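This is what each chain is made of:
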Amino acid sequence: MEFLRFATAGSVDDGKSTLIGRLLYDTKSIFQDQMESIEATSVQMGNDYTNLALLTDGLRAEREQGITIDVAYRYFATPKRKFIIADTPGHTQYTRNMVTGASTADVALVLVDARHGVVEQSRRHAFLASLLRIPHLVVCVNKMDLIDYDEKAFTAVKEEFRSFAMKLDISDLTFIPVSALHGDNVVERSINMPWYEGSSLLHHLEEVHIASDRNHIDARFPVQYVIRPQSDEHHDYRGYAGTIAGGVFKPDDEVMVLPSGFTSKISSIDSFDGPVSEAFGPMAVTMRLTDDIDVSRGDMICRPNNQPTSSQDLQAMVCWMSETSPLSPRMKLALKHTTRSSRVMVTDLQYRIDVNTLHREENPESLTLNEIGRVSLRSTQPLFFDEYRRNRNTGSFILLDEVTNATVAAGIIVGSGT
Amino acid sequence: MSITTYELNHLDHLEAEAIHIFREVAAEFEHPCLMFSGGKDSIVMLHLAAKAFWPARLPFPVMHVDTGHNFPEVLAFRDQRVQELDARLVVASVQKSIDEGKVVEETGPRASRNRLQTTTLLDAIEEHRFDALFGGARRDEEKARAKERVYSFRDDFGQWDPKNQRPELWNLYNGRIRQGEHIRVFPISNWTELDIWQYIARENVEIPQVYFAHERPVFSRDGMWLADSEFVTRAEDEVVVTRKVRYRTVGDMSCTGAVESEAETLEQIIEEVSATRITERGATRADDRVSEAAMEDRKKEGYF
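Quick note, the sequences are listed as chains R and H, same order. Going letter by letter, the first sequence gives residues 1 to 418 in the numbering used here. Going letter by letter, the second sequence gives residues 1 to 304 in the numbering used here.
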């Protein structure tokens with residue numbers, strides 16, 4: 001069975017929690033004791049109906065305030081696929097939580113209230129989905145029941161969204177008219193909207209083709225850990241353990257190790273269950289090379305004729321996540337990229353992007369919490385990367401505050417050089 | 001796994017993610033440690049850790065926080081597994097914490113050592129200078145856990161601050177901590193109960209017999225079957241009967257309930273788990289029933 005990760009974003013009123021609740025409920029993924037517990041809590045809180053949001057809003061503070069603060073992960077399965085939902089809050093003030101949930105998603109789900117059309121929040125969600133290169137975007141036009149399942153209204157939302165999405169980098173865009181409250185087009189096709197010829201949301205999630213979203217062309221293997229058993233049985237064993245970050249590796253492949261530039265051949269790809277004939281992402285394997293060369297954590301194994309960019313200077317989009325200090329030029333930070341850690345300096349802050357209007361403000365002084373901007377970074381040592389749009393694994397990084405140790409930015413590499 | 005299409009099935013995917021996390025922690029921390037309870041989740045964890053570092057031994061010890069109220073079968077199983085893997089075992093004893101006067105034993109019919117474990121655990125972390133502790137918690141178990149990161153940061157007091165968690169992006173984990181702080185690491189965060197059982201079946205992982213249906217003297221409390229043992233004080237109306245039961249979770253004998261079951265094989269367990277309408281903690285854990293946010297409150301104090 002295949003795995004699909006999808007991220008949802010929304011605020012209190014657009015029916016996001018109801019939609020997730022509906023998906024879970026109709027696929028029989030809500031357990032009896034969970035249901036009883038939220039029914040009791042709903043009564044206690046004085047709600048008129050069972051509040052399905054309580055399923056995901058598990059923290060005391062979230063229940064007290066009736067909002068989603070942090071990403072919640074939910075799991076359900078159908079006979080076709082296993083699903084992980086990253087349920088994230090929708091407000092601007094929680095952009096960083098949205099980015100967190102979206103970073104690993106295959107599909108992004110954006111909700112639009114059919115009565116209100118495309119609002120600021122829908123635009124922001126679509127922009128973040130495109131920035132993070134979530135390969136598939138599904139727009140659920142919700143609350144169709146409140147506009148008499150009107151096809152014209154749906155088409156209007158669709159066109160409005162499309163014209164905005166033209167400015168973005170979105171390859172697969174799907175629109176589904178739904179009523180989360182009544183279940184129209186969520187799990188089953190709706191009988192109230194005979195004019196809609198597409199699939200229900202669940203059917204779409206089961207069928208959307210994600211196998212080719214992963215990069216199987218550029219062979220990339222960041223060395224994570226060196227395995228040296230130091231036992232009598234495996235006295236001379238020296239294996240390079242890691243997770244395939246791109247492409248396909250096979251025994252006998254000629255490879256190059258960066259930064260040394262030495263070339264060698266793969267003698268075997270090992271796993272606990274025996275030798276592996278082909279390794280591809282995201283398999284976690286151990287590689288052995290025919291030559292005894294110096295390889296350690298943070299090195300990158302690739303092909304001599306297909307290497308990542310090796311540079312100390314990178315161009316990136318960053319989403320700033322620190323509550324305490326803003327990002328500004330000359331700032332020094334710790335960086336983690338693949339298995340490599342380094343220190344970087346912000347050499348330039350080119351522009352800040354307004355996530356609601358996509359307007360670029362050139363040469364701002366700083367980026368504060370939840371702001372997104374384009375920066376140049378200079379690293380103390382070379383990094384081996386690809387553009388994020390080509391490979392999410394070798395094109396992403398995080399920045400850490402060297403004093404507080406907090407994770408202060410998510411970074412997406414758009415190029416090299418200054 | 002299908003080679004031609006370059007797709008991994010969901011168990012391979014989950015396994016690869018867990019192995020990646022084990023290796024990342026082993027590479028970046030000085031004194032990691034794997035918390036082992038003898039429960040099915042920690043047994044799977046041990047299996048995954050063995051895979052991650054094969055053919056080398058585990059590069060960290062295995063720690064058991066021993067409440068003194070364990071199922072004897074589970075203790076025997078623990079010792080056998082540790083020996084097979086040639087791993088180092090550290091036992092942190094709740095009884096010792098009681099004897100040393102660091103915690104006070106609860107009394108009465110509902111007495112449990114569940115909460116006392118936190119002190120014993122935090123003392124052991126300090127004594128052994130552990131900076132990263134692997135735990136087998138899963139996000140599908142409980143709503144507070146659904147919010148927890150893979151790397152869960154703990155301050156000097158071992159406390160969890162749910163409102164101030166570090167964002168966790170892609171598979172890039174932030175392992176920076178200061179002296180005295182530590183992280184809890186949950187490599188099987190994304191697994192469900194069913195995934196665990198399917199994996200145990202696929203990998204032929206050995207598990208203690210208490211997980212399979214067996215006859216046992218039990219008594220009913222709060223709608224759960226508790227094992228009659230020297231560790232539990234029964235009220236007068238709590239009558240012991242023999243029932244065919246199995247355990248869905250294995251913790252302390254004093255607070256882990258059994259469920260009536262006929263499932264004697266892994267296949268039957270998988271069938272039973274697929275059909276169940278009650279969550280495993282809901283069915284079997286008295287410790288979660290204290291309040292709506294019982295787990296969140298205990299976690300803030302430094303619980304697993």
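Don't read these hints as lab results, they were simulated from the structure. This structure is a prediction, so every number in the text was calculated from the model and none was measured. Backbone N, C-alpha and C define an ideal beta-carbon position, used for all residues, glycine too. Accuracy of the hints is not assured; some may be wrong.
[Said to hold, decoys possible] Output of the computed footprint for chain H on chain R, the stretches with three or more beta carbons under 8 Å from beta carbons of chain H:
id, segment
1, 72-80
2, 104-116
3, 139-145
4, 158-165
5, 241-254
6, 301-307
7, 390-400
[Claimed, not checked] Away from chain R, derived, C-beta distances all over 12 Å, residues of chain H:
id, residue
8, V103
9, N171
10, Q198
[As the list claims (entries may be wrong)] A few chain R residues that face chain H, going by a derived Cβ cut-off under 8 Å, partial list only:
id, residue
11, I227
12, H234
13, F272
14, K332
15, L333
16, K336
How the hints compare with the structure:
{"no.": "1", "hint": "72-80", "in the structure": "holds (count 5)"}
{"no.": "2", "hint": "104-116", "in the structure": "violated (count 1)"}
{"no.": "3", "hint": "139-145", "in the structure": "violated (count 0)"}
{"no.": "4", "hint": "158-165", "in the structure": "violated (count 0)"}
{"no.": "5", "hint": "241-254", "in the structure": "holds (count 4)"}
{"no.": "6", "hint": "301-307", "in the structure": "violated (count 0)"}
{"no.": "7", "hint": "390-400", "in the structure": "holds (count 6)"}
{"no.": "8", "hint": "V103", "in the structure": "25 Å, holds"}
{"no.": "9", "hint": "N171", "in the structure": "7 Å, violated"}
{"no.": "10", "hint": "Q198", "in the structure": "9 Å, violated"}
{"no.": "11", "hint": "I227", "in the structure": "5 Å, holds"}
{"no.": "12", "hint": "H234", "in the structure": "5 Å, holds"}
{"no.": "13", "hint": "F272", "in the structure": "4 Å, holds"}
{"no.": "14", "hint": "K332", "in the structure": "15 Å, violated"}
{"no.": "15", "hint": "L333", "in the structure": "11 Å, violated"}
{"no.": "16", "hint": "K336", "in the structure": "5 Å, holds"}
Violated hints, in rising order: 2, 3, 4, 6, 9, 10, 14 and 15; the structure is consistent with all others.
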